[in-house]
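> Chain by chain, the residues:
2 protein chains.
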Amino acid sequence: MSETRTEIASLGEFGLIQRLSQGFEATLPDTVKGIGDDTAVIDLGHEYGLLTTDLLLEGVHFDLTFSPLRHLGYKAIAVNVSDIAAMNGTPGQVTVSLAISNRFSVEALEDLYAGIKAACADFRVDLVGGDTSSSRSGLLISVSVFGKVAKEKIAYRATARPNDLLCVTGDLGGAYLGLQVLEREKQVYLANPGMQPQLKGNEYIIQRQLKPEARMDVVYELDEAGVIPTSMIDVSDGMASDLLHICSQSGVGAMVFEENLPIDEQVYLAATELNLSPLTAAMNGGEDYELLFTIRQADYDKIKNNPKVSVIGYITDQPDVVQLTSKGGNKVPITAQGWNHFS
Amino acid sequence: MSETRTEIASLGEFGLIQRLSQGFEATLPDTVKGIGDDTAVIDLGHEYGLLTTDLLLEGVHFDLTFSPLRHLGYKAIAVNVSDIAAMNGTPGQVTVSLAISNRFSVEALEDLYAGIKAACADFRVDLVGGDTSSSRSGLLISVSVFGKVAKEKIAYRATARPNDLLCVTGDLGGAYLGLQVLEREKQVYLANPGMQPQLKGNEYIIQRQLKPEARMDVVYELDEAGVIPTSMIDVSDGMASDLLHICSQSGVGAMVFEENLPIDEQVYLAATELNLSPLTAAMNGGEDYELLFTIRQADYDKIKNNPKVSVIGYITDQPDVVQLTSKGGNKVPITAQGWNHFS
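As they're listed, the protein sequences go chains A and B.
In terms of this note's numbering, the first sequence has 231 at position 231, counting the first letter as 1, and numbering is strictly consecutive.
In terms of this note's numbering, the second sequence has 91 at position 91, counting the first letter as 1, and numbering is strictly consecutive.
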């Protein structure tokens with residue numbers, strides 16, 4: 001054991017991963033891409049294999065006070081499939097490892113698995129393995145997904161080009177505000193267990209938090225339209241943070257227009273009620289699991305009539321100059337305020 | 001939530017997995033094998049892909065009182081590579097997800113990663129991804145490995161045939177007795193923190209517990225010798241339990257000869273000292289991560305001079321009649337007493 005003690009919190013999640021993964025160079029001829037994109041990329045000969053994994057921990061990533069186990073099972077699969085979608089790939093096989101304390105009954109786990117099964121059906125993936133262990137504290141779910149993509153169709157983070165159009169699927173900020181509503185109702189409930197939670201009018205944003213979808217539908221639609229994104233990432237840490245990943249890895253900048261950001265009416269209403277900024281929720285909220293991607297201008301006609309896709313800006317040739325044009329016409333720098341589980 | 005409450009402990013680990021995985025049929029054309037073997041098998045066109053995952057939890061699978069983090073990192077990779085070896089495959093890409101409480105320093109995690117790095121080098125695999133989260137209690141490591149195998153060389157559990165020879169690599173029971181020695185010294189230390197642990201003479205079995213190897217060396221040697229095992233599994237739950245998996249899945253029986261079991265001298269000595277049966281340790285100890293496999297009798301000449309391989313018995317045509325011929329000539333049924341983390 002070394003004598004210095006550096007606290008994990010002093011590095012943050014990205015800094016820690018960066019420090020720990022130092023010196024791990026890929027050595028195998030079939031490792032096409034290691035750490036640094038939504039999935040690893042493996043050469044399979046005629047096509048690429050995609051491998052991704054995610055860990056969900058009770059008390060860190062979810063709160064069973066308001067997360068039904070069925071939704072949690074669905075979400076565990078969806079967030080991993082979302083990483084395959086972000087490579088423009090098709091998911092195939094899934095493994096699920098569980099660690100569970102004896103406070104859970106077999107019936108509770110069957111609810112969790114009902115959600116896993118629903119997600120497997122929706123995203124057309126097969127559960128092919130896993131592991132079940134006891135845990136001394138709470139529930140933990142580790143999911144891995146293997147997928148495939150044609151070599152000429154893969155979409156990395158690092159390949160956005162100046163003048164590409166910046167697009168996002170669905171809408172932004174809902175998952176974050178859904179969480180705020182759920183947290184508020186939890187506090188109300190803890191203070192007064194007799195109270196019924198006030199969730200009416202917030203159904204959509206609560207679903208965005210508890211049961212997010214992976215946008216495989218858009219991956220298939222872009223393919224049918226003949227569009228290969230020039231770069232892509234899924235919105236997990238927050239749109240701003242994820243856009244900064246694309247820009248820094250591609251060596252480009254970006255301009256985003258506030259008026260083009262897709263924000264649902266419920267996000268505005270909940271933001272007003274909770275005294276939060278809907279713009280901050282959309283830019284930094286995270287967990288929307290939408291796809292943020294760039295396309296060639298020449299492909300605009302192929303996506304302009306797709307109601308699931310919004311063009312929110314464009315890519316520039318100024319490395320790391322990433323800005324928002326506000327509704328008032330001001331240009332403000334976009335900074336990352338994504339999740340840091342260690343802070 | 002259902003109204004009945006069934007306790008997880010009433011089903012056990014295998015029963016629980018069986019119940020939860022009900023109704024998960026493979027639906028994709030490239031899913032060759034789902035749950036039920038050492039790894040999942042995915043059709044890649046010219047060859048098969050292999051996917052496996054394992055979860056290691058502090059307090060359940062390891063005890064940091066006596067597991068150095070460096071060895072733990074090594075073991076986390078080795079036990080997963082062992083599953084790829086058990087399919088007669090070659091490991092390629094590895095993902096590592098960590099959950100850590102803030103009691104760990106960055107330097108401690110660097111020790112863990114030094115072990116992961118050493119294992120990646122030894123087994124020639126690339127670390128290609130993962131995830132780092134905070135945990136409210138202790139350390140948790142989730143590893144997934146992707147590997148490949150030529151279609152004609154894959155070794156399943158379900159394909160042993162009557163009259164095949166039953167073989168095992170290395171020796172058995174060491175990891176279990178290593179754990180017993182470590183547990184004893186922990187109790188001594190807890191009772192009297194001034195005492196130095198008495199590990200002398202037990203170095204080999206302690207290493208077997210703390211830093212097991214995946215037997216990729218034997219996989220490569222069998223390949224060079226032109227031997228394709230007719231069935232294979234790795235010894236993780238205990239040789240008896242793992243042999244029963246081969247027999248029940250293959251619809252065959254087996255005869256094992258006690259006198260042929262490879263047991264190291266340190267296992268005999270430690271067993272005597274601890275008043276345990278060396279035979280029980282070898283048959284039911286678990287965590288040896290050796291390979292248990294069957295070969296055609298015609299291949300005997302190709303393995304007979306390999307000092308790493310012992311022929312311990314043969315396969316019979318009597319389904320589920322799995323027996324041990326003792327040194328005294330008695331035939332006794334072999335039963336599973338593998339690990340059950342829920343008991």
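Each hint should be verified, as a subset may be incorrect.
As a list, the in silico DSBU-like pairs of lysine-lysine whose alpha-carbon atoms are at most 30 Å apart [stated by the list, open to error]:
#1 A/327 <-> A/302
#2 B/186 <-> B/151
#3 B/151 <-> A/153
#4 B/153 <-> A/151
#5 B/331 <-> B/151
#6 A/151 <-> B/151
#7 B/308 <-> B/327
In silico contact screen, one side only, chain A against chain B (beta carbon under 10 Å); selected entries [as the list claims (entries may be wrong)]:
#8 49
#9 92
#10 190
#11 193
I should point out that these hints are in silico values taken from the structure, not numbers from a laboratory.
Computed from a prediction, not measured in an experiment: that's the story for all the values here.
Glycine included, every Cβ here is placed at the ideal spot set by N, Cα and C.
> Does each hint hold? Answer for all of them.
Quick rundown of the hints versus the structure:
Between residue 327 of chain A and residue 302 of chain A the CA atoms are separated by roughly 27 Å; this keeps the pair inside 30 Å, and the hint holds. About 47 Å separates the Cα atoms of residue 186 of chain B and residue 151 of chain B, which puts this hinted pair outside 30 Å; it is violated. For the proposed pair residue 151 of chain B and residue 153 of chain A, the alpha carbon gap of about 27 Å is at most 30 Å, so the pair holds. Restraint check: the Cα-Cα separation between residue 153 of chain B and residue 151 of chain A comes to about 27 Å, which is no more than 30 Å; the hinted pair holds.
Taking the CA atoms of residue 331 of chain B and residue 151 of chain B, the gap is about 38 Å. The hint is violated against a cut of 30 Å. Among the hinted pairs, residue 151 of chain A with residue 151 of chain B is consistent with the structure: their alpha-carbon atoms are about 23 Å apart, no more than 30 Å. This hinted pair checks out: residue 308 of chain B and residue 327 of chain B have alpha carbons roughly 22 Å apart, not beyond 30 Å. Proximity of residue 49 of chain A to chain B holds as hinted, the smallest CB-CB distance being about 7 Å (cut-off 10 Å).
Checking residue 92 of chain A against chain B by beta carbon gives a least distance of about 6 Å; that is within 10 Å, so the hint holds. The restraint placing residue 190 of chain A at the interface with chain B is violated, with a minimum CB-CB distance near 19 Å, outside the 10 Å limit. The restraint placing residue 193 of chain A at the interface with chain B is violated, with a minimum CB-CB distance near 18 Å, outside the 10 Å limit.
When each numbered hint is compared with the structure, violations occur for hints 2, 5, 10, 11.
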